[in-house]
Structures are given as C-alpha cells and as structure tokens.
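Peer 1: Here are the chains, one letter per residue:
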Amino acid sequence: MTIKIIAFGKIADILPEQEWKMDGVQTSGALREQLEASYPALKDLRYLIAVDKKIASDDSPLEDHSVVALLPPFSGG
Amino acid sequence: MYPNGNIQRYQKQILLKEIGEEGQRLLCQASVLVIGAGGLGCPALQYLAAAGIGRIGIADFDVVEISNLHRQILYTTEDLGVLKAEIAAKRVKLLNPAAQVELFSERMNPQNALSIIAAFDVVIDGSDNFPTRYLVNDACVLLDKPLVYGSVFRFEGQLSVFNVLNNGIKTNYRDLFPEPPDPSEVADCNEAGVLGVLPGIIGTMQANEAIKLITGAGKTLSNRMFCYNALNNSVYELEISPNPEAHKQIPDNPEAFRKMDYDWFCKMTADDFTDIDGPTFDQLRQTKTPIIIDVRNLNEWPKVTEFEHLRIPLAELEQNLDKIEPNRPVIIFCQTGVRSVTAAHLIAEKIQTQAIYNLKGGIIQWKSKL
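Heads up: the protein sequence lines correspond to chains A and B, in order.
Going by our numbering, the residue at position 33 of the first sequence is 33; the numbering climbs one at a time, nothing skipped.
Going by our numbering, the residue at position 13 of the second sequence is 13; the numbering climbs one at a time, nothing skipped.
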C-alpha cells in the first residue's frame, strides 16, 4: 500500500522532499509517529494532517493511493 | 441607485450577469473591515475601493518603512515613517472618493475588537501574528461576522472564509489550527522573507472572497482552505470540518472575550520574562541602567536615537550572546513586540540575567506616545 505525502511551509524544509511516496503506514497517527521518529524537528511543530483533502484525526485510516498533506499555519501578512 | 460614484465607474463589472446592477448596489451599501494594512491589506484595500465598497475600515497601528515597499504597494518612498492607516485611507479615497473610510490606528485587543468589528459586514484578516488571528477569529464567531482569512509564508499562501453557513456547517480558524504554534516556530515576513507578489495575490483573492460574499456571486471558500505556491504554481484545497473540542476555547460571550489574553494563549508571555509598557520602560531606563537590545534587522525604520542600546538582529542573537553582560537587567524590543518575545526566551535560556523585560507593542507603540 503506497501513499503520497505533500509537505507545506517549514515542514518542506525538514522533510527531504516536498512530495514523496511511502509504503506500509496504516493510519495518519502512525504516519505522524514514523515521521517524527525520522525527523525529530517535526515534534516541535504544530501542523494539521489532511488525508485526501479532509482533515484527519490520528486514527484516520490510510488507503492505497491516499494523498496526505502536512500543513502548518502561516502568520505572515 | 448608486449612493457612491456614477454608473460609468462600475459599468464593466455591472455587465457581468453574476454582479449586475443589483450586485453593484449591494457592494455600494456594504462595509468591509481590513485588519492590517500590510502585504495582504494593501491589495485587498485597493480592489475593495475599486469595486465600490461603500464603507471601508482600516485597522493598523504601524508606520511605513522601506522594507515594506516591495510588497505593501499602497505606499511610496514619500510615505516613510507615516502611519500606514493614514496613507492607506488617503489612497483608498483617491481610488474612490465616494468610499467612506474609517481608521483604527490602535492595536486590536479584547477591549476594542468587538465594538470595532460589530460595525462592519465582512472582516478581512490581513494581520501578521497569531495572537491577533485568534483574537479576530473569536470576535467574528461571537459577532457572527464572515471572516476572510489569508496568510503567507515565503512563496506559499493560505486562504479561507470562516463563519459562513454552507450546507448546514460553519467553520473557523480554530477548526483548522486548534493550537497555536510556539513563538519559536513562528516566522513572519521579516524573518522568513516573502516575495512581494505573493501577498499581492492572496490579498487580492481576499478582496475577491469579500466581493462574492456581498454579492452572492459564485462560490466562496467557506468550509474550505485554499493553498497556493507561487514558486511552482501548485494549488491544494482541503475541506474543513468542525472541531467541537476546539470550539470550547472560544469565549462564548463578550465579557468572557474581554477577559481573554491572546498573547498568553499563544505563549507570547512566559515566566522567564516580564512584559512592560512604555512608561515602565522609561522608568527602568532612568532608574536601573539596563542593557537595552534592539533585535530588528539593521536597516529597519524608525531609527532609535532617544537612548543608547545594542543592535543585535534576532537571526544573529545566538552567536552574539557574549555581547550581553550577565547579571544585569535586560530590556528587549523589536518593531511590534513579536520578535522580541522569541529573543527574550532565547536570552532567558542561555544567559544569567537580573531580569528580562519585553517592550510590549514594540518601538512603534513607544514612539507613538512620544
């Protein structure tokens, strides 16, 4: 099962790419844990996770071809 | 038929069947409050004035400085040092003399926000910090006002419309971001940098959402957030769903709202430093010989000549901590009191001091009282 991940704002600096694919993650909570383990700087950031364009909670299931977006808030004006 | 301006002014938009004479009449009778006359506010104000909005409110307490000019396109080199709200009001009146313009050159706070916002049909959030964004959001929820949200970071922008019923659902900022980021996560345009066109695009889109809200034309971004990346032109949109837990944080009556401390909510205050106001700052300067540090970038305006101080831009602070003599009282300021909080946290962490003070409202507020 492959998902696609899109990173926005500062998250795209922390992660190796702005967009990439990942295998074998079942829920968005599990994804968050895995990413934070590989990129600890993520633990200090607040961001929302959207799965297929809907805001996800930690137990939201991921499916084959799910597109997961990681969106931090911006304050600039 | 049109309380302001003659029909020829609006002829080309009246031709559109989605606007027509009725839509134009609605625009001419509507009122929009723009919070922040900066990168987002400037283009929004221009297009609202041009479209014929009857009454326009401008809320900004900052002055024009040279590093604004690449993106805050209502201002020119002749306006340096002048209050943005004043110049913006002048330019709006030039664009459309029939527009009624109201200025609010004070910081939005829990004491003034409800009465200011209540007088307008639509609010546009063009502010540049999280405490104000949460404050304005909560005020609009309380007063049931549509709020057009926009924000930028480097090349990326976010846009949404809060508080508008759509398919039986209303959502707001708290549904998107229930928890504010830590001050150390925050980078505003001064620190992160931004390409001038980006707030130009997002601010113009905010005016577009306001126009659609007022005329009923097309479809607005209620219950959706639109994201744009100017570097590669990618767009992304997501659906916002209500978050009942987050709603509990919104004060549910005016009295509760007036007691809120949004700086505290966004952890902009802390135990390791004390916020001080202008008079306290002056008193400390006279009685305590503190080390005063300006953490703005070196080319920022206004220049400060009224007292001696160190200039250490925030980005260079960590490498220059040795310039700060330990065990002395330290007072930190920046433009509006946002970056100085991050500096205060850093200094508290790394150096032994007698006390750390943060000048609330920054040098802008202090200078305005001189």
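Hints are supplied without guarantee of correctness; some may be wrong.
Okay, derived cross-link-like pairs now, DSSO-like style, lysine-lysine, Cα gap no bigger than 27 Å in a straight line [as the list claims (entries may be wrong)]:
1) B:Lys170 <-> B:Lys323
2) B:Lys267 <-> B:Lys350
3) B:Lys248 <-> A:Lys54
4) A:Lys54 <-> B:Lys212
5) A:Lys53 <-> B:Lys170
6) A:Lys43 <-> B:Lys170
7) B:Lys219 <-> A:Lys43
8) B:Lys248 <-> A:Lys53
9) B:Lys303 <-> A:Lys54
10) A:Lys43 <-> B:Lys350
11) A:Lys54 <-> B:Lys219
12) B:Lys367 <-> A:Lys53
To be clear, the hints were calculated from the coordinates, so they are not data collected in a lab.
Peer 1: Each hint needs a verdict: does it hold in this structure or not?
Peer 2: Each hint tested on the structure:
| no. | hint | result |
| --- | --- | --- |
| 1 | B:Lys170 <-> B:Lys323 | violated, 52 Å |
| 2 | B:Lys267 <-> B:Lys350 | holds, 19 Å |
| 3 | B:Lys248 <-> A:Lys54 | holds, 22 Å |
| 4 | A:Lys54 <-> B:Lys212 | holds, 24 Å |
| 5 | A:Lys53 <-> B:Lys170 | holds, 18 Å |
| 6 | A:Lys43 <-> B:Lys170 | violated, 30 Å |
| 7 | B:Lys219 <-> A:Lys43 | violated, 37 Å |
| 8 | B:Lys248 <-> A:Lys53 | holds, 25 Å |
| 9 | B:Lys303 <-> A:Lys54 | violated, 47 Å |
| 10 | A:Lys43 <-> B:Lys350 | holds, 22 Å |
| 11 | A:Lys54 <-> B:Lys219 | holds, 19 Å |
| 12 | B:Lys367 <-> A:Lys53 | violated, 46 Å |
Violated hints, in rising order: 1, 6, 7, 9, 12; the structure is consistent with all others.
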